[in-house]
Amino acid sequence: MTGTPPTREPGHESGRPRERLDGPAKVAGRAPYAYEQPAEDPLFLFPVRSTIARGRVLWVDTEEAAAVPGVVAVLTHLNAPRLASRDDLELWVLQDDEVRHHGQFVGAVIAGTPEVARWAASLVRVEYQREWHDVVLRADHPERYRPDHVNPSFDTDTSLGDVDEALADAAATVDQTYRTPVQHHVPMEPHTTVVRWPGPADLGAVAMYDSNQGVSPIRKVLAPLLGLDPDQVWIHSPHVGGAFGSKASPKAHHVLTALAAHLVPGRPVKCALTRQQMFANAGHRTPTIQRVRLGADRRGRLTAIAHDVVEHTARFKEFAEQTAVATRTMYAADNRRTTHRLVPLDVPAPVIMRAPGEAPGMFALECAMDELAVALGMDPVELRIRNEPDADPESGLPFSTRHLVRCLREGADRFGWADRPPAGQGRRDGDWLVGFGVAASTYPLFPQQGSSARIRALPGGRRQVEIAASDLGTGTWTALTQIAADALAVPAEAVDLVIGDSALPSTVGAGGSSGLSIWGTTVVAAARAFRDRFGDDPPAGAEEVGELPENTAVGRYALHAFGAQFAEVRVDAVTGEIRVPRMVGIFDVGRVINPRTARSQLIGGMTMGLSMALHEESVVDPRFGHVVNGDYAEYHIPTNADVGDIDVSWLDEPDPLYNPMGSKGIGEIGIVGTAAAVANAVWHATGVRVRDVPITPDRLLGRLR
Amino acid sequence: MIPFDYHRATDVEDAVRTAAARPDAAYLAGGTNLVDHLRLGITSPGLLVDVSRLPFDDIDRLADGGVRVGAGVRNSDLAAHPAIRRDYPMLAAALLAGASWQLRNLATTGGNLLQRTRCAYFQNPATPCNKREPGSGCSALAGWQRHHAILGASEHCVAVHPSDMAVPLAALDATVRITGPGGNRGVPLTAFHRLPGDEPQRDTVLDHGELITAVDLPRMPPTTRSAYRKVRDRASYAFALVSVAATLTVTDGVVRDARIALGGVAHKPWRATRAEETLRGAAARAESFRAAAEAELAEAEPLPGSAFKTTMVREALVSVLTGLAEGRPR
Ligand SMILES: Cc1cc2nc3c(=O)[nH]c(=O)nc-3n(C[C@H](O)[C@H](O)[C@H](O)COP(=O)(O)OP(=O)(O)OC[C@H]3O[C@@H](n4cnc5c(N)ncnc54)[C@H](O)[C@@H]3O)c2cc1C
Ligand code: SF4
Chain A
1 MTGTPPTREP GHESGRPRER LDGPAKVAGR APYAYEQPAE DPLFLFPVRS
51 TIARGRVLWV DTEEAAAVPG VVAVLTHLNA PRLASRDDLE LWVLQDDEVR
101 HHGQFVGAVI AGTPEVARWA ASLVRVEYQR EWHDVVLRAD HPERYRPDHV
151 NPSFDTDTSL GDVDEALADA AATVDQTYRT PVQHHVPMEP HTTVVRWPGP
201 ADLGAVAMYD SNQGVSPIRK VLAPLLGLDP DQVWIHSPHV GGAFGSKASP
251 KAHHVLTALA AHLVPGRPVK CALTRQQMFA NAGHRTPTIQ RVRLGADRRG
301 RLTAIAHDVV EHTARFKEFA EQTAVATRTM YAADNRRTTH RLVPLDVPAP
351 VIMRAPGEAP GMFALECAMD ELAVALGMDP VELRIRNEPD ADPESGLPFS
401 TRHLVRCLRE GADRFGWADR PPAGQGRRDG DWLVGFGVAA STYPLFPQQG
451 SSARIRALPG GRRQVEIAAS DLGTGTWTAL TQIAADALAV PAEAVDLVIG
501 DSALPSTVGA GGSSGLSIWG TTVVAAARAF RDRFGDDPPA GAEEVGELPE
551 NTAVGRYALH AFGAQFAEVR VDAVTGEIRV PRMVGIFDVG RVINPRTARS
601 QLIGGMTMGL SMALHEESVV DPRFGHVVNG DYAEYHIPTN ADVGDIDVSW
651 LDEPDPLYNP MGSKGIGEIG IVGTAAAVAN AVWHATGVRV RDVPITPDRL
701 LGRLR
Chain B
1001 MIPFDYHRAT DVEDAVRTAA ARPDAAYLAG GTNLVDHLRL GITSPGLLVD
1051 VSRLPFDDID RLADGGVRVG AGVRNSDLAA HPAIRRDYPM LAAALLAGAS
1101 WQLRNLATTG GNLLQRTRCA YFQNPATPCN KREPGSGCSA LAGWQRHHAI
1151 LGASEHCVAV HPSDMAVPLA ALDATVRITG PGGNRGVPLT AFHRLPGDEP
1201 QRDTVLDHGE LITAVDLPRM PPTTRSAYRK VRDRASYAFA LVSVAATLTV
1251 TDGVVRDARI ALGGVAHKPW RATRAEETLR GAAARAESFR AAAEAELAEA
1301 EPLPGSAFKT TMVREALVSV LTGLAEGRPR
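As they're listed, the protein sequences go chains A and B. Following our numbering, the residues of the first sequence are numbered contiguously, the last one being 705. Following our numbering, the residues of the second sequence are numbered contiguously, the last one being 1330.
These are calculated hints, taken from the structure and not from any lab test. All clues stand as given, with none of them false.
Here are some of the chain A residues that sit facing chain B, going by a computed Cβ distance under 10 Å:
#1 Thr51
#2 Val68
#3 Thr274
#4 Asp431
#5 Pro622
#6 Pro638
#7 Asp698
According to the in silico footprint, chain B covers these stretches of chain A (three or more CB under 8 Å from chain B):
#8 110 to 123
#9 572 to 586
#10 607 to 619
#11 629 to 637
Label-pair distances were calculated between CB atoms; the ranges are:
#12 B/Ser1154 / A/Pro581: 35 to 45 Å
#13 B/Ala1286 / A/Pro421: 23 to 33 Å
#14 A/Pro581 / B/Ala1080: 23 to 33 Å
The C-beta atom is built at its ideal place from N, Cα and C for all residues, glycine as well.
Working from the sequences, and respecting the hints, build out all of it.
Structural data, given as structure tokens:
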């Protein structure tokens, strides 16, 4: 990954550590994000939000707000334009008097400056009829139910053999409950949108600059809601400053801003959520209560695995996170079950966030594996290796590729696992208690449908590659250019990639770590079609569209990425403060298209996993129903000082079955397992087993040797 | 825009005269706390008197060997000043443990002392808070208590003062120099911040219109060792869960003098006078330090959610004093 890559010969872009093509523009402030796009004579929107968690709006007094000089309109449910579909109550904005969660939009002010809009919004008086609310997740909640499926379309429950019997016969067992809290995505770029309705003549009925994960899916949902056809809505989103799932689907602020724009025809209305608002209006991850039971024989072979999850959903919109789904794939055992139960609460709608399912679920499973290793007196790396399945344990399908054992072995070498003191006897270095921990990572490869790309020959041998893909700061601009260059047999310098615009051929959004895989496959298909038709010396203007072919591996193979993570943890014996000076992550992610951007993704993922282990927790106040610590001073993510040395590497093992590039997704797997590796290292250092994240000093204090 | 008047003060006298004449006036210094509060709707002064350009941003040697720190001195400048780094290292350490570089470049000495609590209910106008809205109730009492007081709280407010800088200043016996409509006065830092009692809206003894002009630091005996220890949830950019500022003078294995202040435990930087008394004349060893910490914390009355702080601050204090006695400040 060092040295300057050659840039000329075609056909060898894949695997080259190209610097980000969008980097210079971003560093120089020349890459416009949604809110910075040129908007002529704009108006600014600031929402009015409910201060109760459930009830009705009795009356709204907008007089004082409307009288503020500079205010153009005050929007409430009484004067808001009507929406065309009530299918999704999260998007049913200002259409009725119902309050479904704390912080819900109950109005908005549009004004000539953001300051005036914000000030006037504070003058809107709302009176409510309060109703009883409940925001507290409990495993034995009376309203708990079984959803039809879990996200996106996995079985809710699975069961094989007889877990209870196997546990009763097991030589060693673990039966523990692990908890993860509500978490928020907290991307650097807040949720912003700029809407003009009608848009400029050539752009459609509605024109939007928007920060999102996919212009095609966003428009597909928004258009019918606004009573329009998808091609009447134009969305432009070339640069996005982080999203992590929170910008994958439309949110209430999109609708609110569109409604406002409808009131002021032809004028752009700009909305940027504040950090505080992002804790109620931009999605979150459900808290989880996870009971994991494991049984093993004396040699450490698992005989039973059970993973039972209780989590929440909004009362008004179901989202069932697939928390136990990874457990179906990880280890061999004849007797197994997974279940998911939901508790409907008066909370904002939870949504996908940073490895939904895998991140919280693998925290529980991989901590339980560590506990089992302790119960058996066995090395936790060895325990995992002994339970490596030959085929997918539940579906019976062969793995397309699975190199978890190599990751564990090679990772252990890189980390120096052999120097680990015996279990439960970490080292002491002055006041610091030092321990090592390990966990496995996995992430599924999501096959998706409905994606197309267009190739066009430009003068001078250049090729324009068009696809409505997104770059969330992840490296799409660069890596997709490299894929296109190889597929078209031209140098990367000859490729003009165009993404982030709904006028381009439509495709899937960035999500499920599958963006680059789907877009890349589509571009490869389009390039093949283009070259079949025009050869390698096409006339300028030649143009061909290609579609994503059906993935023939689906249904025949189990498709997953794998990895192993190791952490060294130091705990201050005096104060309980926790530091993680080094982590090693080694991944089986197929062929890596761009080692430089891939490395950033994996380091970023592991940093998010570290964040989950030590920092992130949205504290919900049961009395009011809001997130108490809803700003960046109190909702902690790691600072640079918290992130030690992160050593990232990958096996050179292409997966030819999943896609023509031989790649697997890398966006999220780095997050999976990290929290368990850290928690396991905390145990190793201190002898204290913490089963709830985040592991904060107070959870260790007073329990240290 | 939030409507308010703005006046850029030309000198101290102008500032005080202007502010005193308007009951709804507030001084604006670095703005890192006040401007947040304006945006969040926590306070809405009708007049901002900008003192950030007043010429009270010098650090001067006093005749008695102490140091006078102007109220306008930025936190980063104070932390970097050679006299502070040499003679008051724990003050420099406390400053550098606070906030971020960007914030410290703006934050002033006066503003830092007067920053308000970070109690999350105080910061959110949608929740009741006696400090923000007297008589509305205290949401923290039965709410999220992790950052709240264990000493000196009242049934009306359990908030803590968040400043790092103020903790060593309390231990150092600093004096706050004040100019008001009625003239000048000096208040010992330990008497500057108040306990909440039944008037939690009042953080300090400052009267309306009074301006902090400087903070005086007495001379530090050269044989004294000092340390600042901040315990927090992440390695940087986090308010203290608890903190300890301590100086220790030991001769022949006996503690001659100790000055100790605790942060994150009370509505004010908490001068640990009982611990100091216990220590004076005691053998400089761990048992004495533990006894001193326990004497100080005997009257701790934590809430269930802040109970861990009693252990945390006790252990931190014992560790700091032990380190000082052994000549390895940490
Ligand atoms: C994200 C974040 C993290 C932070 N972390 C920490 C931390 O870890 N530790 C820490 O100690 N602090 C921390 N701070 C707080 C920071 O130290 C204070 O905001 C800063 O010191 C305030 O100084 P200022 O000059 O900006 O005050 P301003 O915001 O200008 O004023 C604050 C108050 O002081 C009054 N005032 C200002 N100057 C005078 C004067 N001369 N006389 C009378 N009244 C005056 C103002 O009227 C106002 O009420 C943090 C702040 C933020 C935003
Ligand atoms: S502790 Fe004090 S600041 Fe916090 S809510 Fe109670 S009264 Fe307000």
